[in-house]
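Protein chains: 2
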Amino acid sequence: MDENSFTFNHGVDLEHDGGGGPLLERRDSNISTYSDREGTVREPLLKSRVNTTSQIAIVGANICPIESLDYEYYQAFAAFAGLNMILAICAAVLCALIAPAAAGSGIPEVKAYLNGVDAHSILAPSTLFVKIFGSIFGVAAGFVVGKEGPMVHTGACIANLLGQGGSRKYRLTWKWLRYFKNDRDRRDLITCGAAAGVAAAFRAPVGGVLFALEEAASWWRSALLWRTFFTTAVVAMVLRSLIQFCRSGNCGLFGQGGLIMFDVNSAIPAYNTPDLVAIMLIGVLGGIFGSLYNYLVDKVLRTYSIINERGPAFKILLVITISLLTSCCAYGIPWFAACTPCPAGLEVQCPTIGRSGNYKSFQCQEGHYNDLASLFLNTNDDAIRNLFSSKNKNEFHISSLVIFFTAIYFLGVITYGIAIPSGLFIPVILAGASYGRLLGRLLGSFASLDVGLFALLGAASFLGGTMRMTVSLCVILLELTNDLLMLPLMMLVLLISKTVADSFNKGVYDQIVKMKGLPYLEAHAEPYMRQLVAGDVCSGPLIAFSSVEKVGNILHALRMTRHNGFPVIDEPPFTDAPELCGLVLRSHLLVLLNGKKFTKNRVLTSSELLSRFHAFDFAKPGSGKGIKFEDLDFNEEEMEMYVDLHPITNTSPYTVVETMSLAKAAVLFRELGLRHLCVVPKTPGRPPIVGILTRHDFMPEHVLGLHPHIIPHK
Amino acid sequence: MDENSFTFNHGVDLEHDGGGGPLLERRDSNISTYSDREGTVREPLLKSRVNTTSQIAIVGANICPIESLDYEYYQAFAAFAGLNMILAICAAVLCALIAPAAAGSGIPEVKAYLNGVDAHSILAPSTLFVKIFGSIFGVAAGFVVGKEGPMVHTGACIANLLGQGGSRKYRLTWKWLRYFKNDRDRRDLITCGAAAGVAAAFRAPVGGVLFALEEAASWWRSALLWRTFFTTAVVAMVLRSLIQFCRSGNCGLFGQGGLIMFDVNSAIPAYNTPDLVAIMLIGVLGGIFGSLYNYLVDKVLRTYSIINERGPAFKILLVITISLLTSCCAYGIPWFAACTPCPAGLEVQCPTIGRSGNYKSFQCQEGHYNDLASLFLNTNDDAIRNLFSSKNKNEFHISSLVIFFTAIYFLGVITYGIAIPSGLFIPVILAGASYGRLLGRLLGSFASLDVGLFALLGAASFLGGTMRMTVSLCVILLELTNDLLMLPLMMLVLLISKTVADSFNKGVYDQIVKMKGLPYLEAHAEPYMRQLVAGDVCSGPLIAFSSVEKVGNILHALRMTRHNGFPVIDEPPFTDAPELCGLVLRSHLLVLLNGKKFTKNRVLTSSELLSRFHAFDFAKPGSGKGIKFEDLDFNEEEMEMYVDLHPITNTSPYTVVETMSLAKAAVLFRELGLRHLCVVPKTPGRPPIVGILTRHDFMPEHVLGLHPHIIPHK
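Residue numbers (our numbering), protein chains in the order written: chain A, 22 to 735; chain B, 22 to 735.
These are calculated hints, taken from the structure and not from any lab test.
Some clues are possibly wrong.
[Claimed, not checked] Far from chain A, some chain B residues (derived; all Cβ distances over 12 Å):
id, residue
1, 93
2, 98
3, 322
4, 515
5, 526
[Stated by the list, open to error] Derived pair list, reagent style SDA-like, types lysine to any residue, alpha-carbon separation capped at 25 Å:
id, chain 1, residue 1, chain 2, residue 2
6, B, 703, A, 92
7, B, 685, A, 562
8, B, 537, B, 723
C-beta: ideal position from N, C-alpha, C; glycine also.
Use the sequences and the hints to build the structure in full.
What follows is the structure, encoded as structure tokens:
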């Protein structure tokens, strides 16, 4: 009874083990070894002998042949769905009440941040907290969601926390981290964080670097390559030593996985022309399904956003609905599958009970397994491993694959957008792998490739069709499966599916960025911008300061506008004619005003002023920190005094002439990563600055709003 | 006798098979299977039974035990050295007389081209021809050179040929290729060519993409990623189908290699803390040796350039000297090695005769092998494979490894720079692998890792120390060896060796670019540039045109200067005050003048003029093509006429104010990939343009020459 009591004790650790989701656990084959001799022991359905990574697996724990257990099965469903729902509610409550920004994948937000969009609280410590625990609850609740996107967001949040020198609000501050207090270094750090997230999620260090390069970062330079590479090397070393350490069995299920998550290396692909045709078909169909997925996700997101906007209660309600639907699918659909006799000569146990793995028993008699249950009532990782497996070609029926593919495809679509942290990789890989395996079965007589490899290629085609990455997906899949010889085929499939899907719509992350209204700057200028010049999009009255300006005027301007940059103009008596002196930032103005070093008269006080401040006073504060306008308080006398803006003026702002082609101005703005671009007049004798262009002035909506006669042709 | 006659026929095919070098051949184990029963047959030394990829292997063809064959050995050496020399002279003659630009690796030149340096004939068809055949001869001549660099250059040359729409000189022209007639598309095409070169050389498609990204390209955008990925996918497919096709044996030695060149997958690395210490030691020493290699290569190159400048005869003489030295080393050094008894239980034959492979017989008696001969008298690929092999730990003596490492290290240093196409990868990998294996033997009792893996890590450390790449080297080595589990260690070694080496000097390719005097624009601005403004480096008198200019003036300016861009100024009566209209290019001026659409008076003729020309008339011609100044011929009357420059003026040139920080101007220039940057005055009332900055104005030599008081601190 020793072993039994041990496993019973484990049976109550549901939440704890379910929480292991994002730690990349694997089944522990040592613990779960189950003696067939015990097969006659009757136990309550809900007590699994050994708990697995997600509690959905416990339903497979029925070890007796069916007699007339209808009541027990209903009870089991109630417990299954109920526990799922409790976990789902935990995730939803965290997400809806503490950090709404933590919902969804997080990759679009990180992408937008790295493009220069400093949206509210997307990298705040509270978001980090919710992202970690919400993702654990969400994955444990059996949703068709991944943990990869959230891990990327988590990595970025941690990097942001470090880059801000810690969090003052939560009393976590480190002095030595203040060197990251500028935009570029902070952006680099967050890119490294995103790379580390991918590296940890897929155990793919090179894939992480490439993901950061291809998908996340908007500006790339060789120093960044080398930094991300260093980060992911550290991730790889840490992962490896943790795995090594855990192999001795002192950390549950985590240690059992190697660095290769879905090892298909045993299969040596030998392919010929019919295979190539089949592979092209996979690519084309994968591209179509992928772009359809994006289309549906977009529609669902728009619908959900109407519901979610009504308040946290509606958010939680939506999560409960989807959780119930998922539970029904996972528990109900396997009933449609017929029981299959276990094949002879298996290395693994069949049917299996009480652990994640192949050949689930579910309702079947001894010596039989339910193939749909092996996919539905399993951890996502194990379901993928089963689909990629090439050991038993006929393990899954064609009808089961059709059902699973359809269910996962639509569950994936309707799950993204609810108020839980939810990655897109796993649903897409699951749907793609079942689609690939299905196609492999259908083309069985025509093509000679293994069904497991078909599943892998199917997953590649879906990923290419939704996410539209090339090299990074290729390397991530390579590092996941350790099958270098598949490389040419994988590249072919990715290229075809990306090309096909690109002709329909944009990548899923770009779509989400756009839907969220984040002002993302595209790498290229839109064609219609060639018809316009920079002066055409300068809008609104220009607010400029004199180089020695009255405090009251500055305060008025800061109060009336939300501009972050103001031009400074040198005027007589300091120069002969008005000249553009440069640009001041709102944050620097606030620091300067807060110092209260004013003069009664309009005189230059640069050198004196500078000695009063330290360079770090002007360092970029963390988001939500720094001096606020409301903190300033001046009396009447101070309002009438002057302050010299020269010390804080950037005297080398990038400028364009007003007749410069808008397309070229956009390229300048984007390539140099600017936030303000000064537009100067072409002809002399006018004020020295015409306007300031910001990110919003280059957005298609703004440009086309100002010039409705232009028809943006693709 | 059937088999014998077959092999004798092969014996004369030296050049043909030697020429297979760059085609990535492997030993053909079917053909070379050698029956021991034939060991007593006496044959002339120079007739190998089966020829191998490089004719240096034929010396191993002695199949009789030594009696008193001194004379025969001298004869063998004469033949060996003589044949090497003939091949070397072929390579040198091609290189010295037809295309001097084909000497060396070619990677620095491609890198400079992609940075915007359009140096003379580096991508010309003649260079392509010499690069291909010179590389074949050079590798076949037994030099310690690789074929990877030349293959990158070859790929870039082919891409350039396509990008120019073929070669008019050699009557290879295709109309449909004219769409590449602009700088950016042509640069993209050449980046793809370079990626294809790496992909083909190492059979590493993803490595090729990353090489193009990390080392070759200066400007990167997502479209380029996708294009290079497509290119290398095609390379992978073609390679794979060629290998498949050749497996049936109808193309000699080529078909026998798989897609993985040095498969070490069987070795599963299990490492612990002492191993990590050993690996860090490898990294540190590898970094030191690597940077020393760069230092020595630089010194040798400077010495050789003095010799090479004297003329083709000296170039060829230098090649002959190095060839003789190499032959002496390869044939002489193995005599110092003692004969080792063949280990028991080998799968391969020992000793081997007449084929590339392990366990060369050389002068040894039956049942013994000469380990130095197995490294020296072998193809480079096979020597690397032997060093990476983990089958027999004691295959190579420590003394032999010391000797081989020293010899290859210095032969590699003195070979680069002679007038043959010569890659750096193979010498560095060879030296690194022997160094790693040596260290593995020395640390044998301390570390538990396999000597073969030590050799692989040693090669990684040397590559990191010389070339300073990270991700791309990592992926290339991964694709070469198919060992994903080594990834964390490989990353660690690469990072350490790169960091160590970076503290001494620059990467070898950067060094060569600098030594060749190519005006390479660094990605970052030098720190001392912050002390200067754009106006400080404008030098020389400015030559500007009026927007409707006299033909004679234009001709005079074109004759007197070599500028490629001229500012155009709108003057009264066309405007109220002089204004900067834009920039015209020399090449466009030549096309316009050649059209001879002039007017007697100073009037605007834009619309009329444009209808006379087609847009393709102004497309960028191939290097060395297009209208030349000498082609123009005007009479006195035409010289006095006017031409309207408006139609060909770029009216949106990028401009900076003269007080702009030089560092920021440099960033603008580099990031946008400009060739001309207009400097405009800050104060009104002066001429509308102060000067034009070009690439040369940002070179450290130029800036520091103008401002000798600035001390450039690192």
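*Among all the numbered hints in the text so far, which are the ones the structure does not match?*
Hints 4, 6, 7 contradicted; others consistent.
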